[in-house]
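**Q** Here's the letter readout for the chains.
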Amino acid sequence: MSSVLQDFLREQGYAVCEYHGGGEFSLLSAAPEWFSWIWGEPDGEKKTLRLGDKSPFLENFLVEAHAFWSSRKKGELTSGLWVETLRDELECRTRFRCRRRP
Amino acid sequence: MLLLKKVCMIGSFAVGKTSLVRRFVEGFFSDEYQTNIGVKLSNKEVSSGGREIKMTLWDIYGEDDFQKMRWSYVQGSSGYLLVADGTRAATLHKAEELEAKLRQEVGVIPFVFLINKSDRKEEWELNAEFEQGLVARGWDVLHTSAKSGEGVEAAFAKLTEKMLA
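Taken in sequence, the protein lines are chains A and B. Residue numbers 1 to 102, in the working numbering, belong to the letters of the first sequence in order. Residue numbers 1001 to 1165, in the working numbering, belong to the letters of the second sequence in order.
Think of the hints as simulated: they come from the structure by calculation, not from any bench. Take the hints with a grain of salt, since some may be wrong.
Here are the simulated SDA-like pairs of lysine to any residue, each with C-alpha atoms no more than 25 Å apart in a straight line [stated by the list, open to error]: (1) Lys47/A - His66/A; (2) Lys1054/B - Arg93/A; (3) Lys1068/B - Gly75/A; (4) Lys1006/B - Gly22/A; (5) Lys1068/B - Cys98/A.
Computed from a predicted structure; not experimentally measured.
This is chain A alone, in the form it adopts within the complex (with noise of 0.2 Å):
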């Protein structure tokens, strides 16, 4: 992915991962802020991130997106609006979009 569509999609307050089963993302571009408040920082060789073990609310969605991926739905599958409180009040609401790498 090229530095200014990351940088772009940053901005905007966009993650992109990439899911490899078994609960683990890597992230595809650098991510904002936000979501190093909620998920911290890749760690290990592999550079992977457990988003499920501090979502449940993603970790429910990946029951549907599995069952996405697994069909032969063309498009994208959309979450609802998780709102996460993180530290002083401040809210953090996040979507999910599941797409399949084309």
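Dock chain B against chain A, hints included.
**A** Quick look at chain B alone, frame taken from chain A:
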């Protein structure tokens, strides 16, 4: 060992689901109304019958004519609190509809029906026969007020007891 339980808050919009969660988890009430446009998760640890339980409360936006429930949110729940506003009869009937729909979508799981806003009982549109009818069908019905705190602890305790039974 800590038992993990997913609990959903279900009901029409503005019945007081978020206020009940806030009262239970944080111990306070705010008059400031904020429409819930998503799903907000909170955790609370409780003890029941010598067991420690960590509840994850899923405060789900209220269903109305414009916004439908996404039933996948309820998958994997151990139980739920069905909430209505005693001052709005329509929310009581909506609760019946939601319970039937939920039974169809996820099967029979423990729940407690809360008729909220008991601090404003003089304005209630609740018909005594309606409530008796629900009790006759085996529903656990409690009157609560997120504002005064009446019945809130009891509601969660009752649901916990049912989930552990």
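**Q** Checked against the structure, which of the hints given earlier come out wrong?
**A** none
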